[in-house]
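Enquirer: Sequence:
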Amino acid sequence: MDVLYTIAIVLGIIIVYVLVNMLRLKKAVTNLTQEEFIQGYRKAQLIDVREVKEFDSGHILGARNVPSTQLRQRYKEIRPDLPVYLYCQNSGRSARAAIFLKKKGYNQLYQLQGGFKSWTGKVKTKA
1 MDVLYTIAIV LGIIIVYVLV NMLRLKKAVT NLTQEEFIQG YRKAQLIDVR EVKEFDSGHI
61 LGARNVPSTQ LRQRYKEIRP DLPVYLYCQN SGRSARAAIF LKKKGYNQLY QLQGGFKSWT
121 GKVKTKA
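Its first residue numbered 1, the sequence shown is counted upward by one per residue in full-length UniProt numbering.
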């Protein structure tokens, strides 16, 4: 019986953790479809938070690379007074980047729903 209580408590903690993270993410960033993303990213700062190797293999035309692993040191390169459009491969890293930037005072944060893997627009690659 003690094992069942332990399992129930652990599951409860996991569920609460997931819900809290979902609420934090919802407050930090607005998810945009590709069409919505295209409508606004030219008037904003387009930030690819994938690693350099991923960025070089292909990125959205006009994007600037600020890898999520370097964001804590480089976030001041991103202007807080302009909208910030973020993307990564799947949306996980860009979501964490948005939460970090929100804590630093950035308010206009947008994320490409589905990430770069779902992007069908123009792409640039480095030779």
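Please keep in mind that the hints were generated in silico from the structure rather than gathered at the bench.
Careful: at least some of the hints might be erroneous.
[Stated by the list, open to error] For lysine-lysine, the following DSBU-like pairs were computed, each having C-alpha atoms within a straight-line distance of at most 35 Å:
1) LYS102 with LYS124
2) LYS126 with LYS102
3) LYS126 with LYS104
4) LYS117 with LYS53
5) LYS53 with LYS26
6) LYS26 with LYS117
7) LYS126 with LYS76
8) LYS126 with LYS43
9) LYS104 with LYS53
[Stated by the list, open to error] Derived DEER-like restraints, expressed as beta-carbon distance ranges:
10) GLU35 with GLY12: 38 to 48 Å
11) GLY114 with ASN65: 13 to 23 Å
12) ASP2 with ILE38: 53 to 63 Å
13) PRO80 with VAL52: 46 to 56 Å
14) GLU54 with GLY105: 47 to 57 Å
All figures in this text were calculated on a predicted structure; none of them were measured in a lab.
Every residue, glycine too, gets a C-beta built ideally from N, C-alpha and C.
Enquirer: Are the hints correct? Go through all of them and say.
Expert: Taking the hints in turn, this is what the structure says about them:
no.	hint	verdict
1	LYS102 with LYS124	29 Å, holds
2	LYS126 with LYS102	31 Å, holds
3	LYS126 with LYS104	32 Å, holds
4	LYS117 with LYS53	15 Å, holds
5	LYS53 with LYS26	29 Å, holds
6	LYS26 with LYS117	22 Å, holds
7	LYS126 with LYS76	26 Å, holds
8	LYS126 with LYS43	24 Å, holds
9	LYS104 with LYS53	27 Å, holds
10	GLU35 with GLY12: 38 to 48 Å	39 Å, holds
11	GLY114 with ASN65: 13 to 23 Å	19 Å, holds
12	ASP2 with ILE38: 53 to 63 Å	55 Å, holds
13	PRO80 with VAL52: 46 to 56 Å	24 Å, violated
14	GLU54 with GLY105: 47 to 57 Å	28 Å, violated
Checked against the numbered hints given earlier, the structure breaks hints 13 and 14 and satisfies all the rest.
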